[in-house]
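J.: Sequence:
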Amino acid sequence: GWWKRNHTAHHIACNSLDHDPDLQHMPLFAVSSKLFRSLTSAYYQRKMDFDAVARLLVSYQHWTFYPFMPFARLNFFARSFIILLSPSKKVPRRGQELLGLAVFWVWYPLLVSRLPTWGERAGFVAASFAVAATQHVQFCLNHFSTIVYVGAPRGNDWFEKQTAGTMDIACPPWMDWFH
Numbered sequence: 001g002w003w004k005r006n007h008t009a010h011h012i013a014c015n016s017l018d019h020d021p022d023l024q025h026m027p028l029f030a031v032s033s034k035l036f037r038s039l040t041s042a043y044y045q046r047k048m049d050f051d052a053v054a055r056l057l058v059s060y061q062h063w064t065f066y067p068f069m070p071f072a073r074l075n076f077f078a079r080s081f082i083i084l085l086s087p088s089k090k091v092p093r094r095g096q097e098l099l100g101l102a103v104f105w106v107w108y109p110l111l112v113s114r115l116p117t118w119g120e121r122a123g124f125v126a127a128s129f130a131v132a133a134t135q136h137v138q139f140c141l142n143h144f145s146t147i148v149y150v151g152a153p154r155g156n157d158w159f160e161k162q163t164a165g166t167m168d169i170a171c172p173p174w175m176d177w178f179h
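Under the UniProt record's numbering, think of the first position of the sequence shown as 1, with each following residue one higher.
Calculated from the structure, these hints are not laboratory results. Cβ coordinates follow ideal geometry from the N, Cα and C atoms, glycine included. Take these hints with a grain of salt, some might be off.
Said to hold, decoys possible - Pair ranges (Cβ atoms, derived):
#1 P92 x G151: 22 to 30 angstroms
#2 R121 x T8: 30 to 38 angstroms
#3 I147 x A102: 35 to 43 angstroms
#4 A102 x N156: 35 to 43 angstroms
#5 N156 x Q45: 20 to 28 angstroms
Sequences are here, hints too, so could you generate the full structure?
T.: Now the structure itself:
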């Protein structure tokens with residue numbers, strides 16, 4: 001469903017501001033001043049306007065980035081449902097994808113409900129969102145700090161495109177597992 005489509009587009013056009021959906025977070029975040037020109041997303045097929053709302057929100061992104069990360073997971077959930085429930089979108093094995101989401105949304109609340117107190121339930125959900133937030137920050141650290149460009153990817157060297165869009169994060173050897 002959505003993840004496969006999104007992730008494939010991301011790796012075909014890694015770090016293209018108008019083709020890579022993983023860099024298209026307007027009006028909340030702008031990873032480059034090139035987005036101030038109101039580019040059109042080839043993936044979402046809509047204009048990413050840098051209007052007054054975007055100007056305001058982007059001007060505070062240095063404060064809002066980390067607080068938003070735990071909720072980025074909600075965007076993944078919503079996008080999964082949106083694409084699967086859009087009859088105009090071609091989704092291979094749509095029924096299996098919907099079944100998978102249904103199983104998750106039955107299983108997860110049941111799992112949480114087995115915890116003895118509301119405090120533990122809230123803590124578990126908060127922890128699961130915090131872990132996902134850490135992963136989102138890792139992805140952003142890896143991609144947002146590398147060179148971005150406007151336009152379709154050029155050339156046929158897939159490996160070169162991938163390495164240009166990622167970063168080897170320097171850290172102590174004991175922390176290599178994390179980055």
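J.: Name the hints, by number, that the structure is in violation of.
T.: The structure conflicts with no hint, since it agrees with every one listed earlier.
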